[in-house]
Structures are given as C-alpha cells and as structure tokens.
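Use these hints to put chains B, C, D, E, F and G onto chain A, whose structure you have.
Chains as they are written, first to last, in full-length UniProt numbering: chain A, 1 to 112; chain B, 1 to 112; chain C, 1 to 112; chain D, 1 to 112; chain E, 1 to 112; chain F, 1 to 112; chain G, 1 to 112.
The hints are simulated quantities; they were obtained by calculation from the structure and are not laboratory data. The model shown is predicted, which means the values in this text are computed figures rather than measured ones. Fair warning: there could be bad hints in the mix.
Stated by the list, open to error - Quick list of in silico lysine to any residue cross-link-like pairs, SDA-like style, CA-CA up to 25 angstroms: (1) A:49 with A:94; (2) B:49 with B:66; (3) C:49 with C:24; (4) D:49 with C:47; (5) E:49 with G:19; (6) D:49 with D:107; (7) C:49 with C:64; (8) D:49 with D:105; (9) F:49 with F:112; (10) A:49 with B:76; (11) E:49 with D:48; (12) B:49 with C:48; (13) G:49 with F:62; (14) A:49 with A:108; (15) G:49 with F:95; (16) A:49 with A:79; (17) F:49 with B:79; (18) F:49 with G:47; (19) B:49 with B:67; (20) G:49 with G:19; (21) D:49 with E:27; (22) E:49 with G:47; (23) F:49 with A:74; (24) E:49 with E:74.
What the hints assert, rightly or not - Just the calculated beta-carbon pair ranges, DEER-fashion: (25) B:11 with E:95: 53 to 61 angstroms; (26) D:27 with B:95: 42 to 50 angstroms; (27) E:105 with B:95: 49 to 57 angstroms; (28) B:11 with F:107: 19 to 27 angstroms; (29) G:109 with F:63: 50 to 58 angstroms; (30) F:111 with B:102: 51 to 59 angstroms.
Built from N, CA and C at the ideal position, the CB exists for glycine as well.
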Amino acid sequence: MSASEPVTEIRRSVAVLGDRVLVQPPEDSERRSKGGILIPATATSVDRKGTWGEAIGVGPHVRSVSTGDEVLYLPEDAIEVDVQGEAYLIVRERDVHAVGTTRRDGATGLYL
Amino acid sequence: MSASEPVTEIRRSVAVLGDRVLVQPPEDSERRSKGGILIPATATSVDRKGTWGEAIGVGPHVRSVSTGDEVLYLPEDAIEVDVQGEAYLIVRERDVHAVGTTRRDGATGLYL
Amino acid sequence: MSASEPVTEIRRSVAVLGDRVLVQPPEDSERRSKGGILIPATATSVDRKGTWGEAIGVGPHVRSVSTGDEVLYLPEDAIEVDVQGEAYLIVRERDVHAVGTTRRDGATGLYL
Amino acid sequence: MSASEPVTEIRRSVAVLGDRVLVQPPEDSERRSKGGILIPATATSVDRKGTWGEAIGVGPHVRSVSTGDEVLYLPEDAIEVDVQGEAYLIVRERDVHAVGTTRRDGATGLYL
Amino acid sequence: MSASEPVTEIRRSVAVLGDRVLVQPPEDSERRSKGGILIPATATSVDRKGTWGEAIGVGPHVRSVSTGDEVLYLPEDAIEVDVQGEAYLIVRERDVHAVGTTRRDGATGLYL
Amino acid sequence: MSASEPVTEIRRSVAVLGDRVLVQPPEDSERRSKGGILIPATATSVDRKGTWGEAIGVGPHVRSVSTGDEVLYLPEDAIEVDVQGEAYLIVRERDVHAVGTTRRDGATGLYL
Amino acid sequence: MSASEPVTEIRRSVAVLGDRVLVQPPEDSERRSKGGILIPATATSVDRKGTWGEAIGVGPHVRSVSTGDEVLYLPEDAIEVDVQGEAYLIVRERDVHAVGTTRRDGATGLYL
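Isolated chain A, as found in the complex (with noise of 0.2 angstroms):
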C-alpha cells in the first residue's frame, strides 16, 4: 500500500450478544420526589435500589425489551463497556426488572 493511498480504517459495529442489553445509563440516578426534592439513598425500606435507563441495543436471544425503551436494572448486575470514551452498560434480560415502554400499557398504571 503506498503512502499517498488512504488508509481506510477499520470499523467494527458493535454488537451485544446472547441475551444481553445495552444501556445508555443515566445522568444523574439521584432520586427526586415528585416535587423534585433529592431523596437520600438510606430512606428506603430495602437494601437493594434498581436504577433506569434506556436500552440502546439488544441481543439476538432478548425478547422482552426493545431498543428505545427505559430499564430498570441493579448497578451490580451491569458491566460497564467503553466505546469511544464513551461509557454504556450491559445487563442480561434477566436483570431487567421492569421497562418503561410506549409500545405496551403495562396495566400498573404507573408511567414513566
């Protein structure tokens, strides 16, 4: 290859496998009250706080979340995966907890 030829660089996509999620985590996963207010890690009555955020990319085993939706995940059950300087997170669909999602009404009346 000669010099002045352009080196064409590789580019990989990534891809997550099995059944697993990638998760865009979120900025700040403080909690706030309803009137904005941050509401301390300790007040709560168990020990174990899920977190959300949003699901940019699913394995080929996953069934149950799709890509733009919101998850609720344990920071122990992610792994964190560097792209570019950028930091995302991976969770198996196991440990996805619940979704936010506009594609289904969740019949909990609850929304995000």
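Structure of chains B, C, D, E, F and G alone, referenced to chain A:
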C-alpha cells in the same frame, strides 16, 4: 418542530417482566397486637419476618397473584423501583409466600 | 357512597402458595423429658433441633401434610407471618421432616 | 362434652417423610479399639467421622434401608426430633453411607 | 428365652450404599522417593495431594472400581467408619481419580 | 539417530478447546475520553469494567465470535496462557459480553 | 507357598478414570520471554495463569486430548498423584483450556 408547537412528552407505561410482582409497600410495617399495641421486631421465634404489601402489577408469567391481592414477601427479596418520585417494590412470584385475597377462600380460617 | 351507608370492610382470606405449609407455632418450644423436666437446649448430640407445630393451612402443591397434622420443622427454615396481630409461620413442604398424624400409622411405633 | 365424659386424648402417629430415615442415636458414640480401649476422636486420618445408629422408621421414598438396619451417618447431616421427651434423629437416605444389615451379605467381609 | 439357651448374637453384614467405595486406608501415607527417601508434604507444585488405598467393598452403583483395586482419593472427600474398632474410609466413586488395577492396562505406562 | 542427522523439533499447534476464545490482550487497557484524556478507573457507576481484546482463535463450540473480532470480557473471567514468551488470554464464549465486528451491523449505532 | 517359591509381586497398572487426564508436570514452570528472560509471575494483566504439561494418560470419557499432547491447566484444578515416588498431576478434561498438538492445526497461528 417550531417553538410554538406543543412538545408531546413521551409517556412510558411501566410494566414488570416475567414472574415479577409490583408491590405498593405498606405505609408502616410495624406489627401491632390485636389490641393495637406495637410488637417489637425482636419478639418472635424466627429470624425472617414477612411483610404484607398490595400487588399493583403482575408480570406475564405470574399465576397465583392478581392485582389487588395482599402479598407476603421478605424485604431482602425485594428490589426498590422509583416511579415519578414514589418508591415501589418488585418481588418474584416464587418469593411471595402467601396472599390475602378476595378471589377465593384460602382455607386457613385467617383473614386480613 | 353517602356517609350513612355502612363501609363494607374488605376481608381478604389468607392462603399459602405453592408447596408451603402455614403453621401455628408451639406455645413453648422447650423440651421436657418424660417426667416433664426441662431439657436444656445444649443437651443433644447434633446441632439442628426440629420443632413441632400444628399445620393450619397447606398450599395447592402440598402432598404429604394435611391441616391438623403436627409438622416437624427447623426454625431457620421458617418465615414469620403476622395476621391480625397473631404470629404464624410458613415453611415449605420439603422442609417438613416428619409429621404426627391421625390419618395413618407412621410405622415408627412413636406417638405424639 | 360433659365433664364426666372421658376426654379422648388424640394420639398422633409419627411418620418420617420422603427419603428420610428415623434413627435411634447410639448410647455412647465413643470409638473403642478391638480390646475395648477408648480411641480419642483425634486419632484418625480424616476429618469427617461417621456414627452408627439403628433405623426405627423410613420414609416412603427410602429404598436401601429397612427398619432394624444399623445406618452410618454424619452428625452434621442429622436433625434432632423430640418425641415424648426422647431424642431421635432424622437423616436423609442420601446421607446414609453404609448399613449393617441382616438382610443381605454386604460383600465387604466386615460385620457389626 | 430361658437363661441356659445360648443368646445368638445378631451379626450385621456391612455394605456400602449407592456409588460408594469402602477403602482400607494406607498404613503410612508418607511419600517416599524411588530411593525410599521421605518426601516432605510441602515439596509439590499443587495443593491437593491424592492418597492411595485398597478398595475392600463397592456399592451397587459403582462401575469403574472393583474390590482389590488401589484407588486414589483426597482425604477431604473421605468419611471415616469404625467397624469393630478398626477405621476404614468411605469415598464416592466420583471422588476416585485413578485406580491401580490388575484387571486391565491403564495405558499410562505407570505401575503401582 | 546419528549425530549428524538434523533433530526435527516437534512443533505443536496451539488450539483452544470447547467454547473458548483465544484473545490478544490490549496493549494498554486504560480508558481515554473522546479527546484522548485518561479516564481514571474509579470514574464509573458500576464495579465491573469490561476490556476489549482481539480474538485470534476460537474453539469448535464457539458460535457468535470469529477470529478477528474485538471481544469484550472481564479480566476476572480470563486465564493467561504463555506461548513462546508471549502472554495471551483465554475466555469462554459465555463470558464474552459484546463484539466489535465487521461481519454484521450490531444495530447499536456504536462503532469501535 | 514354600519359602523357595519366588514371591510374584503384584504389579497394578495405573489408569485415570472418567474424564480425567494424567499430566507430567513441567520441570520448571517459570515463564521466559522469547529471549529467554525470566518473566516475574506478577507481570501479567490477569490473576489466573495457566501451566503447560504433557498428557501421559487419558480416561475413557476424554474426547479432545490425546496422550502426547501438551495441555494447559490451572494448578488449582490439579490433584497430585504419587507413583513410585514420582509426582504426576490429574486434571479433568473440562479444566483443560488449550492443547498443543501435532494431530491438527489449531488455527491460531501459534505453536509450542
């Protein structure tokens, strides 16, 4: 989209997945004797104490719990989920030990 | 609903789920020798001591225990459930090691 | 029921469930050499020491043990059950490592 | 039974159950180099050291070990059983890693 | 073999077994922001951080990774293997969370 | 047997069972760079370091390793076995991560 056009906010309906139950945690999970006297948490023969909460949503794989039932769960099995500043809990059906229901007679002679 | 109309209180019947047994814990779980003398908890050859309690409800998947049987369980396998200020226990059928029953002869020559 | 009528006491027959064996623990579980000399518990090459006890009841799923056999079990696998002030043990068939039996020849050349 | 009639002592034949092997532990489990020099237990590259012992009984489900074979086991997998003051060991077939046998050629070129 | 005859050195080809992937670990596994600034390992929301490395060999049971793909793995899931003084890594396919590939579009909109 | 008759010593052939591989451990398991320089054990990116050793025997259920192959294993997965004062190792096939073999091309481009 011109500035005057109303920004339609995307409402995402919350749904629980798989075998999970969305629970409205009890206001005050203290135990009171029949006469209403507060029973200290220590006054029992076993370590693990169940808590009752109302089911406000069930996943597609849930068979023995319906929305509106009271469900008995252990706090350590629950995950907290925040929706619009309100804290709800998610437990799996296998971690629901008993229900208080109007749908059938539990044949225990006990009522909530 | 007008103020004069009686507020019908919703009574929810308590049911245990799956393979679980609802147990009335014993009044006093001390062990007494035949002569009625209190046997200290330490005076035994093994660490795990079973407790007898009466079964007052069984889940739909329970096969070998009936309401009214005495069941032998380990406290560490039990979950406490409060109903109207009374403490009951829930154990899984697989954690019931023996029964005292009037339904059949246990062929051990032993009777409660 | 009038005061003069005899109160018929309910006798419940004790039965072990599933794959469990009810064992009469040995009087004294010390080990004695052939000459009858007490062998200290520490004088062995391995940590786990089995104990022999007589089977006095078997559950419906037990195949290789019969009432009257001597069974070898590890104390840590046993649960103690109190019947009328007497302490018995319950072990699962899978935790019975050897038997001493009159029903067949064990083909080890060893006898209890 | 009158006092003069001989009391026939019940002899119980010892049998191992399931997939277990009854082993005569080695007299001295020290390791000696070819020249007979004692090899300190620490002089090896791995933590787990097997011990050879003779199989003197096998359970009904054992396939690859016969009475008379030398079997290689780890002490932590063995249970000690006392028969008439003699200490024997019981291991499961799945915990027998190698055999020394006259029944076939092990195709390792090694002999005990 | 006479002294003059060339000693043919046995070359053994390295193959990974089963569902394993042979990975060329990254030169420098530091994370850099888009502008190239080093991102300290602590600056993330979750504990487990994936690392990208190139797959240079796959076992016969591997389905979703091909030689030449970038694979995302967790260091704690990897085994180091030394070949001729060079250190490579082996991970199981189930421990590969995402790939960067030219073979297909990962549908995440992200590229390595 | 009269004193003059030669005592025929019983030679037992050593065989590994099931899915196990008998390994000749390496003389010196230090790592050397291509130039032969000793690489300190700490100079690597992951905790678990594999070791190469020659397979000198395989059990009847082994499929992907043959006698004479080099096998990569982790010391913590190996059991030491002493045969006539020589120390060998036993590992299970599932704990063999890679092989160096003359039987086929491993398609990694790497050779031992």
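Against the structure, the hints come out as follows:
1. Distance restraint check for residue 49 of chain A and residue 94 of chain A: the Cα-Cα separation of roughly 16 angstroms lies within the 25 angstroms cut-off, and the hinted pair is therefore satisfied.
2. Only pairs whose Cα atoms come within 25 angstroms are accepted, and residue 49 of chain B paired with residue 66 of chain B is accepted, the gap being roughly 23 angstroms.
3. In summary, the hint linking residue 49 of chain C to residue 24 of chain C is supported, as the alpha carbons are separated by about 18 angstroms, within the 25 angstroms threshold.
4. The straight-line distance between the Cα atoms of residue 49 of chain D and residue 47 of chain C is roughly 15 angstroms, inside the 25 angstroms bound, and the hint therefore holds.
5. A C-alpha spacing of about 19 angstroms is found between residue 49 of chain E and residue 19 of chain G, which places the hinted pair at or below 25 angstroms, so the restraint holds.
6. With a C-alpha separation of about 22 angstroms, the suggested pairing of residue 49 of chain D with residue 107 of chain D holds against the 25 angstroms cut-off.
7. A C-alpha spacing of about 21 angstroms is found between residue 49 of chain C and residue 64 of chain C, which places the hinted pair at or below 25 angstroms, so the restraint holds.
8. A hinted pair counts as satisfied when its Cα atoms are at most 25 angstroms apart, and residue 49 of chain D with residue 105 of chain D qualifies at roughly 24 angstroms.
9. Proximity of residue 49 of chain F to residue 112 of chain F is assessed by CA-CA distance (about 17 angstroms); at most 25 angstroms being required, the pair is judged to hold.
10. Restraint check for residue 49 of chain A and residue 76 of chain B: satisfied, since their Cα atoms lie roughly 11 angstroms apart, inside the 25 angstroms limit.
11. Distance restraint check for residue 49 of chain E and residue 48 of chain D: the Cα-Cα separation of roughly 18 angstroms lies within the 25 angstroms cut-off, and the hinted pair is therefore satisfied.
12. Note on residue 49 of chain B and residue 48 of chain C: the hinted pairing holds, with a Cα-Cα distance of about 21 angstroms set against a maximum of 25 angstroms.
13. A C-alpha spacing of about 22 angstroms is found between residue 49 of chain G and residue 62 of chain F, which places the hinted pair at or below 25 angstroms, so the restraint holds.
14. About 19 angstroms separates the Cα atoms of residue 49 of chain A and residue 108 of chain A, which keeps this hinted pair within 25 angstroms; it holds.
15. Our distance criterion of 25 angstroms between C-alpha atoms is met by residue 49 of chain G and residue 95 of chain F, whose separation comes to about 17 angstroms.
16. Taking the CA atoms of residue 49 of chain A and residue 79 of chain A, the gap is near 17 angstroms; set against the 25 angstroms cutoff, the hint holds.
17. With a C-alpha separation of about 23 angstroms, the suggested pairing of residue 49 of chain F with residue 79 of chain B holds against the 25 angstroms cut-off.
18. For the hint linking residue 49 of chain F to residue 47 of chain G, the alpha-carbon distance of about 15 angstroms falls within 25 angstroms, and the restraint holds.
19. As the CA atoms of residue 49 of chain B and residue 67 of chain B are separated by approximately 23 angstroms, the hinted pair is consistent with the 25 angstroms bound.
20. Using a Cα cut-off of 25 angstroms, the hinted pair residue 49 of chain G and residue 19 of chain G holds, with the two alpha carbons roughly 22 angstroms apart.
21. Simply put, residue 49 of chain D and residue 27 of chain E have alpha-carbon atoms about 18 angstroms apart, close enough for the 25 angstroms limit, and the pair holds.
22. For the given pair, residue 49 of chain E sits about 23 angstroms from residue 47 of chain G by alpha-carbon distance, which is consistent with the 25 angstroms threshold.
23. Distance check on the hinted pair: residue 49 of chain F and residue 74 of chain A sit about 15 angstroms apart at the alpha-carbon level, within 25 angstroms; holds.
24. Proposed proximity of residue 49 of chain E and residue 74 of chain E is supported: the alpha carbons are some 7 angstroms apart, at most 25 angstroms.
25. In this structure the hint that residue 11 of chain B and residue 95 of chain E lie 53 to 61 angstroms apart at CB holds, the actual value being about 60 angstroms.
26. Hint check: residue 27 of chain D to residue 95 of chain B, Cβ distance near 45 angstroms, so the stated range 42 to 50 angstroms holds.
27. With their beta carbons about 56 angstroms apart, residue 105 of chain E and residue 95 of chain B fall inside the hinted range of 49 to 57 angstroms.
28. One distance hint, 19 to 27 angstroms for the beta-carbon pair residue 11 of chain B and residue 107 of chain F, holds here, with the actual separation near 26 angstroms.
29. Remark: the range hint 50 to 58 angstroms for residue 109 of chain G to residue 63 of chain F is contradicted by a beta-carbon distance near 21 angstroms.
30. Distance hint for residue 111 of chain F and residue 102 of chain B: a CB-CB separation of about 56 angstroms, consistent with the stated range 51 to 59 angstroms.
Of the numbered hints given earlier, the model fails hint 29 alone.
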